[in-house]
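Number of protein chains: 2
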Amino acid sequence: MSVEVPQSHLDLLERPLFAHLATVRPDGSPQTQVMWFRWSGDRVQMTHTKTRQKYRNFQKEPRLALSIADPDNPYRFLEIRGVVERIDDDDAQASFYQGLQERYGKSYPIPDAAVRVILNIRPEKFVAHG
Amino acid sequence: MSVEVPQSHLDLLERPLFAHLATVRPDGSPQTQVMWFRWSGDRVQMTHTKTRQKYRNFQKEPRLALSIADPDNPYRFLEIRGVVERIDDDDAQASFYQGLQERYGKSYPIPDAAVRVILNIRPEKFVAHG
Numbered sequence: 006m007s008v009e010v011p012q013s014h015l016d017l018l019e020r021p022l023f024a025h026l027a028t029v030r031p032d033g034s035p036q037t038q039v040m041w042f043r044w045s046g047d048r049v050q051m052t053h054t055k056t057r058q059k060y061r062n063f064q065k066e067p068r069l070a071l072s073i074a075d076p077d078n079p080y081r082f083l084e085i086r087g088v089v090e091r092i093d094d095d096d097a098q099a100s101f102y103q104g105l106q107e108r109y110g111k112s113y114p115i116p117d118a119a120v121r122v123i124l125n126i127r128p129e130k131f132v133a134h135g
Numbered sequence: 006m007s008v009e010v011p012q013s014h015l016d017l018l019e020r021p022l023f024a025h026l027a028t029v030r031p032d033g034s035p036q037t038q039v040m041w042f043r044w045s046g047d048r049v050q051m052t053h054t055k056t057r058q059k060y061r062n063f064q065k066e067p068r069l070a071l072s073i074a075d076p077d078n079p080y081r082f083l084e085i086r087g088v089v090e091r092i093d094d095d096d097a098q099a100s101f102y103q104g105l106q107e108r109y110g111k112s113y114p115i116p117d118a119a120v121r122v123i124l125n126i127r128p129e130k131f132v133a134h135g
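Chain order of the listed sequences is G and B.
First residue of the first sequence? That's 6 in the numbering used here, and the numbers climb one at a time after it.
First residue of the second sequence? That's 6 in the numbering used here, and the numbers climb one at a time after it.
Hints may contain errors.
One copy or two, it doesn't matter: identical chains are merged, so the pair holds either way.
With a Cα cut of at most 20 Å, we get these calculated EDC-like pairs of lysine to aspartate or glutamate [as the list claims (entries may be wrong)]:
#	residue 1	residue 2
1	Lys55	Glu66
2	Lys130	Asp32
3	Lys65	Asp16
4	Lys65	Asp32
5	Lys59	Asp94
6	Lys111	Glu9
7	Lys130	Glu90
8	Lys65	Glu107
Hints are computed from structural coordinates only; laboratory data are not their basis.
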């Protein structure tokens, strides 16, 4: 399926905003979390660890949804439905995670670098609101 | 299951903030939306119409999840897992919806009052972050 980012809402992907991520648990019920993300130009990328529930959720059900609202106007938001296409290990320094910290104006040690992964999410549908 | 609202995050339910709601589509994939809500003291209440996709989602899978972030500190958020316990018709004036408008500082006509419903969501788990 080919999808295009609505140009009217592209800024919501480019700004260091907070994505509300919905995944499906093994019992079929949904779960949400507020997450950092990065937009590569065609993928939403997030970091996670191999040891957490949400990571296990992806194994069973790679489809997910996320929404990003404009903090200056919460009636304006972008809804994305997508799929975890690939999970890569972050490197020994957790460089991807460090890049995210920089994007969000933070800097702190990453003691779990050894289990840090990069989620590559392929959007399958964008819905622009507001 | 008995659950208690974390007192540290009760304000996020009481303030007129925006909930990111996750539901599960009939094909098992998640869907998100940004929604108004009201906290009754033991239920999260939202309005919807009988004619929309998300309403149909609830019929098949009444379990949902939502997250509410503090706009003054997005690292502070409340995650709720719950279930649609009951769906009531709003009245002919859509009084519930009008009350929500007032809570959110809005006032406009409700042409779809005839199909407006009140979702009563029973929380089954709260997770306080930040």
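Tell me, please, which holds for Lys130 and Glu90 at an alpha-carbon limit of 20 Å: within, between, both or neither?
-> Within one copy, since 14 Å is at most 20 Å while 30 Å is not.
Pop the pair Lys111 and Glu9 into one bin, within, between, both or neither, using alpha-carbon distances up to 20 Å.
-> neither (31 Å within a copy, 32 Å between copies)
State whether the alpha carbon distance between Lys130 and Asp32 is at most 20 Å within one copy, between copies, both, or neither.
-> Between copies only: 15 Å across chains, 25 Å inside a chain, cut-off 20 Å.
Alpha-carbon proximity context of Lys59 and Asp94, limit 20 Å | within (16 Å within a copy, 35 Å between copies)
Can you tell me if Lys55 and Glu66 fall within 20 Å by alpha carbon in one copy, between copies, both or neither?
-> Answer is within: at 15 Å inside a copy they meet the 20 Å cutoff, but 28 Å across does not.
What label fits Lys65 with Asp16 when the C-alpha limit is 20 Å: within, between, both, or neither?
-> Neither, since 32 Å and 35 Å both go past 20 Å.
Measure nothing new, just compare the shortest in-copy and cross-copy C-alpha distances for Lys65 and Asp32 to 20 Å and report within, between, both or neither.
-> both (10 Å within a copy, 14 Å between copies)
Could you place Lys65 and Glu107 in one of the four classes (within, between, both, neither) given a Cα distance threshold of 20 Å?
-> Close neither inside one copy (32 Å) nor across copies (42 Å); limit 20 Å.
When the structure is compared with the earlier hints, violations turn up for hints 3, 6 and 8 and for no others.
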